[in-house]
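**Q** Could you build the full structure based on these sequences and the hints that come with them?
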Amino acid sequence: MNQCEAAKLYEERVNRIIKAMQLEEPDRVPLIPPEEGFWVSSYAGYSVADVTYDYSLMAAAWEKAFDDFPEWDAAYAPFCVWSGPMFEFAGITQFALAGKDGSAQKMHQWKQVSCMSADEYEELISDPYKFILEKIVPRRCRELAKPYPVNAIAFSKAFLEFLNWLEFWGKKAEEWKNKYGMPVLAGGFTEAPIDFLMDHLRGFKELSLDLRQLPKDTIIRACEALLPYMIKWATIGSRPATFPPIFIPLHFAPFISPRDFKELYWPTFRKLVYSLVELGYSVIIYCEADWTPHLAYLKELPKGKVIAQFETMDMKKAKRLVGDTVCLMGNLPYDLLVYGTKEKIEEYTKKLIDEAGAGGGFIMSANKIFGENVDPRLMRYWCEATVKYGTY
Amino acid sequence: MDELTRAVVQLEENQVIEIVRRELKKGTPVEDIVERCRQGMEAVGEKFSQGEYYLPDLIMAGEIFNSILEVLRPIMAEAKTRKLGKIVLATVKNDIHDIGKNVFKGFAEANGFVVHDLGVDVDPELIVSTIKEEKPEIVGLSCLLTSAFDSIKDTIERIKQAGVRNQVKIIIGGAPVSEELKNWSGADAFTRSAAEGVKICKELLES
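First to last, the sequence lines map onto chains A and Z. Here the working numbering is used: the first residue of the first sequence is 2, the next is one more, and so on. Here the working numbering is used: the first residue of the second sequence is 75, the next is one more, and so on.
Keep in mind that a hint or two might mislead.
DSSO-like, lysine-lysine: derived pairs with alpha carbons at most 30 Å apart [as the list claims (entries may be wrong)]:
(1) Lys180/A / Lys65/A
(2) Lys300/A / Lys121/Z
(3) Lys227/Z / Lys343/A
(4) Lys304/A / Lys317/A
(5) Lys263/A / Lys227/Z
Among the chain A residues that face chain Z by a calculated CB cut under 8 Å, a handful are [said to hold, decoys possible]:
(6) Tyr11
(7) Trp83
(8) Tyr335
Don't read these hints as lab results, they were simulated from the structure. Where is the CB? At the ideal position from N, CA and C, for every residue including glycine.
**A** Written out as structure tokens, the structure reads:
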């Protein structure tokens, strides 16, 4: 592909996604598999350890997938495998790194560790930045907890590695645009304030108990104190644009009661989305697990600025309830891509397009982030079926 | 409804512990106390199934049950509490997630199962040797990651090869499990809900 063809393809793909996001009808339903690097690396014959410690291999794996699956309209989140050396320099204890210490794990895994106690809420609320920097970072990063100058050296090494990593992927994104016409979907990253509180500070079990054992007001004030930092997290390395959107995975919402959702989850999350949109950004939210109980809330989000990706959802219902506000994305069952058949994949792809695709506002995707076991033949059928049934 | 049972259902931890201590002082048999708490836990599971309670409530209930056990443990050893059956429980190899497994464990214990918990990222060989030693009626395999599907299948294969497959019923649990995964891996049952899982385990005992 020469640069001119690539540029044309890039524009086609980006327009296809933007039109869908703006609830208009593109030339066909865009296809964006929820792939973060774990499947493409196994597809290209690399272990997760290989690509975690050598990001040129990670890039090569993506490029093989771009060659073989040109129906993809974007690389969903290519940088999620991260940099092993960076994690090691900082001594991050948050992740169980695949491939580290001979582990046969096929993904990096998030450890549910609580590193903030229930009596530290007021300290967090009074100065989140200071609290996180001085208390949480040393608890999360073994090397940064060591006495000066060991911590300073560790920080410098980790930060330099981070800059290398950023520079590498910045160049890669440009190269993919010019060589493969392939856009990268996630333009930045942030979290809903209460998800940050859960993921990075309190932990799932502890926050669950807080809901019953602490005054609601404490949790609300913590979310409000975190909100400015969540906005900053999204905007810090990305320019405001309709494309690419800021990626926000939503974690705690499906597990809590409608009342807790209404009082604790939604208000600061809604403010986060509106703040980003007012600054000129668009967002993609990943509604993990079953969002059916909270679905109607999405109607309150700014129209044409939000892609809502679903895991468990009746897409027909979503189209009817919120399809005029958010672009729907989802949710081919992952099982089908692991041990389905050509017929089953065709049938489900058609069903999704029939249910959610009418008039645009829909992006074809799967319901779960890919592991290494997606069958490439089934991936091929899915690509073909999306083009076959998704052309408007 | 009994006062203790109701306090458990309403997730009033302090009240529960207060009543348990009071009952012990009164000389109420431990098995009676456990039975009333068990009924409360069953009702909590029921409320979860009906959408009235949510996962944080189940976690809270598990905490309360653990507190009850702490109070009762010193005297439990001598008491004859009802035992339904034994479960060997594990999050399978290459997966370190255990929130669901732990909630299931709490409810299974509250319902009278003895649970032998092997933890997370558990090697199939350890599961096989534990089956041989502990002779459980049920094996519970948990996972959160789609990439752990192979581990579930491998574990069940190993159980077959070791010749103990027909001695146990196998239930798989976790957010990504499905009927298809159950069939593909050769398990007997699947569940995405801890409370439902315990109910299924009771059915498996009778099947």
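**Q** For every hint, state whether the structure bears it out.
**A** Against the structure, the hints come out as follows:
1. At most 30 Å may separate the alpha-carbon atoms for a hinted pair to count; Lys180/A and Lys65/A meet this at roughly 12 Å.
2. Annotation: proposed proximity of Lys300/A to Lys121/Z holds, straight-line Cα distance about 29 Å (limit 30 Å).
3. Between Lys227/Z and Lys343/A, the direct Cα distance comes to roughly 23 Å. Compliance with the 30 Å bound is thereby established for this hinted pair.
4. At roughly 19 Å between alpha-carbon atoms, Lys304/A and Lys317/A fall within 30 Å of each other, so this suggested pair holds.
5. Between Lys263/A and Lys227/Z, the direct Cα distance comes to roughly 40 Å. Violation of the 30 Å bound is thereby established for this hinted pair.
6. Among the interface hints, the one on Tyr11/A is violated; its C-beta lies about 30 Å from the nearest C-beta in chain Z, farther than the 8 Å criterion.
7. The closest approach between the C-beta of Trp83/A and any C-beta of chain Z is roughly 17 Å, which is over the 8 Å cut-off, so the hint fails.
8. At its closest, the beta carbon of Tyr335/A sits 6 Å from a beta carbon of chain Z; the interface hint therefore holds under the 8 Å criterion.
The structure is inconsistent with the numbered hints 5, 6 and 7, although it conforms to all the rest.
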